[in-house]
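Same order as they appear, the protein sequences are chains A and B. No gaps in the numbering here: position 149 of the first sequence is 149 in my numbering, and each next residue is one more. Position in the second sequence counted from 1, then plus 349, gives you my numbering.
Since the hints were made in silico from the structure, they are not lab data. Don't take each hint at face value.
As the list claims (entries may be wrong) - Taking beta-carbon pairs under 7 Å as the criterion, some of the chain A residues facing chain B (in silico):
1) A72
2) S74
3) L77
4) L81
5) S109
6) H140
7) I145
8) G146
9) D159
10) L304
11) K307
For every residue, glycine included, the Cβ atom is placed at its ideal position computed from N, Cα and C.
Spelled out, the chains give:
Protein chains: 2
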Amino acid sequence: MKITTQYKDGNYAIDVSRGILEDKLTDYTSSYNQVFYLADKNVYRLHKNGKLSFIEDPILMEQGEASKYFDAFSNLLESLLEKGIQRNCLIVIIGGGAAGDAGGFAAASILRGVDYIHVPTTLLAHDSSIGGKTAINSRHGKNLIGAFHRPKGVVYDLDFLDSLPDSEMLSGFGEVIKHAMLRDQETVDALMMATKDGIDVNTVEPFIIKGIETKMDYVIKDENESGVRKHLNLGHTLGHAIEYRYKMPHGIAVTLGIYAALHISNALNQEQTFDLKRYYGYFKGLGYPVEELKTIDAEDMISLMTKDKKNQNTDRIGYIVMDSIGEARFTEIDQKLLIKLIKNLKESL
Amino acid sequence: MKITTQYKDGNYAIDVSRGILEDKLTDYTSSYNQVFYLADKNVYRLHKNGKLSFIEDPILMEQGEASKYFDAFSNLLESLLEKGIQRNCLIVIIGGGAAGDAGGFAAASILRGVDYIHVPTTLLAHDSSIGGKTAINSRHGKNLIGAFHRPKGVVYDLDFLDSLPDSEMLSGFGEVIKHAMLRDQETVDALMMATKDGIDVNTVEPFIIKGIETKMDYVIKDENESGVRKHLNLGHTLGHAIEYRYKMPHGIAVTLGIYAALHISNALNQEQTFDLKRYYGYFKGLGYPVEELKTIDAEDMISLMTKDKKNQNTDRIGYIVMDSIGEARFTEIDQKLLIKLIKNLKESL
Numbered sequence: 001m002k003i004t005t006q007y008k009d010g011n012y013a014i015d016v017s018r019g020i021l022e023d024k025l026t027d028y029t030s031s032y033n034q035v036f037y038l039a040d041k042n043v044y045r046l047h048k049n050g051k052l053s054f055i056e057d058p059i060l061m062e063q064g065e066a067s068k069y070f071d072a073f074s075n076l077l078e079s080l081l082e083k084g085i086q087r088n089c090l091i092v093i094i095g096g097g098a099a100g101d102a103g104g105f106a107a108a109s110i111l112r113g114v115d116y117i118h119v120p121t122t123l124l125a126h127d128s129s130i131g132g133k134t135a136i137n138s139r140h141g142k143n144l145i146g147a148f149h150r151p152k153g154v155v156y157d158l159d160f161l162d163s164l165p166d167s168e169m170l171s172g173f174g175e176v177i178k179h180a181m182l183r184d185q186e187t188v189d190a191l192m193m194a195t196k197d198g199i200d201v202n203t204v205e206p207f208i209i210k211g212i213e214t215k216m217d218y219v220i221k222d223e224n225e226s227g228v229r230k231h232l233n234l235g236h237t238l239g240h241a242i243e244y245r246y247k248m249p250h251g252i253a254v255t256l257g258i259y260a261a262l263h264i265s266n267a268l269n270q271e272q273t274f275d276l277k278r279y280y281g282y283f284k285g286l287g288y289p290v291e292e293l294k295t296i297d298a299e300d301m302i303s304l305m306t307k308d309k310k311n312q313n314t315d316r317i318g319y320i321v322m323d324s325i326g327e328a329r330f331t332e333i334d335q336k337l338l339i340k341l342i343k344n345l346k347e348s349l
Numbered sequence: 350m351k352i353t354t355q356y357k358d359g360n361y362a363i364d365v366s367r368g369i370l371e372d373k374l375t376d377y378t379s380s381y382n383q384v385f386y387l388a389d390k391n392v393y394r395l396h397k398n399g400k401l402s403f404i405e406d407p408i409l410m411e412q413g414e415a416s417k418y419f420d421a422f423s424n425l426l427e428s429l430l431e432k433g434i435q436r437n438c439l440i441v442i443i444g445g446g447a448a449g450d451a452g453g454f455a456a457a458s459i460l461r462g463v464d465y466i467h468v469p470t471t472l473l474a475h476d477s478s479i480g481g482k483t484a485i486n487s488r489h490g491k492n493l494i495g496a497f498h499r500p501k502g503v504v505y506d507l508d509f510l511d512s513l514p515d516s517e518m519l520s521g522f523g524e525v526i527k528h529a530m531l532r533d534q535e536t537v538d539a540l541m542m543a544t545k546d547g548i549d550v551n552t553v554e555p556f557i558i559k560g561i562e563t564k565m566d567y568v569i570k571d572e573n574e575s576g577v578r579k580h581l582n583l584g585h586t587l588g589h590a591i592e593y594r595y596k597m598p599h600g601i602a603v604t605l606g607i608y609a610a611l612h613i614s615n616a617l618n619q620e621q622t623f624d625l626k627r628y629y630g631y632f633k634g635l636g637y638p639v640e641e642l643k644t645i646d647a648e649d650m651i652s653l654m655t656k657d658k659k660n661q662n663t664d665r666i667g668y669i670v671m672d673s674i675g676e677a678r679f680t681e682i683d684q685k686l687l688i689k690l691i692k693n694l695k696e697s698l
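Between the sequences and the hints, there should be enough to build the whole structure, so can you do that?
This is how it looks when you write it as structure tokens:
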């Protein structure tokens with residue numbers, strides 16, 4: 001399956017399928033003088049005698065989020081320059097969202113920008129394959145330093161997902177759920193049906209593709225994140241606070257955040273639009289610890305939310321609510337009201 | 350005097366005059382939520398009780414090129430984030446070309462890009478006020494990591510030039526000479542006449558403005574440096590090698606490189622287009638150590654040139670020659686021939 005981005009210019013293809021890695025990469029690399037491979041060291045260790053055996057002498061990146069700290073980033077740049085990278089070279093980044101973020105920012109800034117291809121190896125990375133955002137972390141927060149720099153292509157070989165641990169599948173699937181929720185009721189119903197007995201890569205494949213398409217729709221409508229792109233933050237305002245406080249994987253925290261958003265949407269709209277029992281049962285059945293929402297401290301969560309760079313106004317908290325499946329809406333909720341809403345949510349569990 | 354850039358979009362004003370700093374800055378800063386001042390620590394020390402007394406609590410940058418190393422750069426980013434910079438803030442960078450490079454790259458990458466104003470404090474910085482290039486240095490060479498990120502404005506208050514040491518004036522004036530050479534014979538003659546007794550800020554002012562205009566013409570014709578923008582490298586191919594080997598200030602080495610380029614142009618064109626004696630006498634009279642070209646090692650210079658990121662083909666060296674004043678041309682010179690040409694130059698001195 002191939003998706004092509006729909007920007008005004010600078011478009012690229014996202015190929016999603018099994019077993020496509022080596023062939024697709026050859027299509028890209030043949031037009032460059034030299035190719036530099038960056039690989040998450042854990043991914044490379046797992047696949048160096050298998051799917052990645054054709055790669056010689058990759059530059060290994062620190063695993064996951066560790067690649068996004070300044071020292072790791074400067075080492076990465078120096079390694080590329082040490083090996084003699086020039087403007088007419090291509091960088092291929094193999095790894096999850098963090099590798100894409102740090103490697104993409106390296107590609108953006110080395111020699112003021114060279115081309116790159118991303119090879120996502122996690123389910124979560126389907127989300128970052130669109131949008132062109134690259135970043136590293138500061139001592140003061142995640143993703144605070146970076147650039148907008150689109151890849152020349154994304155080669156998403158689903159074989160990599162077979163070796164993911166369950167918690168990573170569950171985390172990545174959180175964003176798949178989010179994209180379905182932002183799309184329409186039909187997609188959500190089909191997704192819930194397809195995964196009622198658990199998350200299987202082959203069953204989920206069409207929903208990954210739909211997720212990429214949904215995200216693309218939002219990104220293209222609003223490349224500078226001033227308007228509807230905010231809807232992609234569904235589940236993230238509370239999710240980020242939970243992720244930070246309870247060290248929970250990103251997409252798992254987001255899924256708890258989505259459940260909270262449905263509850264809060266019902267409350268604000270004073271209608272039982274969303275069958276909360278049904279979603280609770282579905283999330284719980286897949287393994288999301290929804291019941292832990294009972295233990296969060298509402299005041300603490302709010303205090304973390306106000307540190308988020310998307311909530312610069314401290315009296316009211318920007319929040320994505322849903323009027324129905326497929327109809328998200330940005331609103332600002334007074335802090336005191338939000339505390340009350342979170343307390344009600346806790347009591348409902 | 351006010352110059353406005355002529356890009357397709359994203360244009361900005363370059364104000365060049367004495368005593369304009371505070372008023373012009375106020376025009377810019379009033380439309381932002383918050384302003385962060387970055388200042389070269391030496392410049393700030395010199396002017397904190399004078400021209401810069403209105404600035405409270407600036408972030409001090411390492412002096413000159415020291416600001417362009419990775420540690421200094423990451424400290425700069427962390428300081429900005431520590432102070433709570435947000436997307437709707439403005440950064441004002443006060444310092445020479447190095448401060449503009451490092452500060453501009455900080456502005457480009459913090460929160461994926463915030464607006465900035467450059468306040469150049471050296472003569473050399475008139476050159477970097479156009480072009481939108483920002484960069485820091487790698488262990489493997491200068492300016493290898495960076496971004497294209499244009500300022501929202503340049504406020505060039507010439508009062509700062511009064512406190513420059515002679516060697517810095519001489520260095521900056523090298524680029525003024527280069528821009529005149531790329532423009533036309535009339536400008537070169539007028540410049541030589543105006544500065545026959547030395548370099549004075551007030552006399553040089555109109556030539557600074559012409560220099561900015563000339564650079565802008567080139568940059569706009571060729572924003573991606575694939576064609577005519579290369580002409581701006583006049584004097585730089587050999588100049589960079591001399592700068593590196595003999596630790597000579599940039600613009601002084603470039604001026605030696607310009608003299609060499611005139612000599613080489615005469616030789617390649619087999620015509621005495623350029624009156625070498627006249628230029629030698631002029632450069633020497635201003636204080637440029639042109640005679641030191643006699644001591645350079647031709648093979649060593651060539652070996653340094655092939656490491657330049659603009660000379661990726663190792664058999665032939667890209668070089669800017671002049672057919673006449675105002676008519677520069679990019680050519681590739683065989684290494685052996687270039688060694689011979691440099692040796693001839695040395696013998697001529």
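In rising order, the numbers of the hints this structure does not comply with: Numbers 1, 9, 10 and 11, in rising order.
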